[in-house]
Amino acid sequence: MWADSLKDEKEPAWQKAYLDYMFRLFDASGDQLVDLAEYIEVLGYFAIPRDDAIACFDKFALSPAGCLINAIDYEMFVNLWKQYFHSTNINDVGNSLLGTA
1 MWADSLKDEK
11 EPAWQKAYLD
21 YMFRLFDASG
31 DQLVDLAEYI
41 EVLGYFAIPR
51 DDAIACFDKF
61 ALSPAGCLIN
71 AIDYEMFVNL
81 WKQYFHSTNI
91 NDVGNSLLGT
101 A
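Residue numbers (full-length UniProt numbering): 1 to 101.
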């Protein structure tokens, strides 16, 4: 199922629904942003230690100038999500989205 969807230009409806679900899960406050506290909380549900969650967030929560930012928006989340599932480069920051420090 995942392998087939990675070949397609447009993601299947179920994958978009999963992406939206995950963003809503991370965005506990409903402000359309995922901040560090929300990120730590959600990764904690999956037994990812706080320090690892912080290290991951710090890898991808960067402005275009490379400065740390307090939160990521939906657009940035989508870009990171695409990297996580489609990238063949182990160093892409999207690989840290779901907790790989």
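For the record, the hints were derived by calculation from the structure and aren't laboratory data. Keep in mind that the hints are not guaranteed to be accurate.
[Unchecked claim] Straight line, CA to CA, 27 Å or less: simulated DSS-like cross-link-like pairs of lysine-lysine:
1) Lys-82 - Lys-59
2) Lys-16 - Lys-82
3) Lys-59 - Lys-16
4) Lys-10 - Lys-82
[To be verified] Ranges between beta-carbon positions, derived for each pair:
5) Ile-90 - Met-22: 27 to 35 Å
6) Ile-90 - Gly-66: 14 to 22 Å
7) Ala-13 - Pro-49: 14 to 22 Å
8) Ala-13 - Ile-54: 32 to 40 Å
9) Asp-52 - Lys-82: 19 to 27 Å
10) Asn-91 - Pro-64: 17 to 25 Å
11) Trp-14 - Leu-68: 31 to 39 Å
12) Ala-13 - Leu-62: 14 to 22 Å
13) Ile-54 - Val-78: 16 to 24 Å
14) Asn-91 - Asp-51: 15 to 23 Å
Note that the coordinates shown come from a computational prediction; the quantities given were computed from them, not determined experimentally. Just so you know, even glycine gets a beta-carbon here, dropped at the ideal spot from N, CA and C.
- prompt: Which hints from the list above does the structure break, by number from lowest to highest?
  reply: 5, 7 and 12
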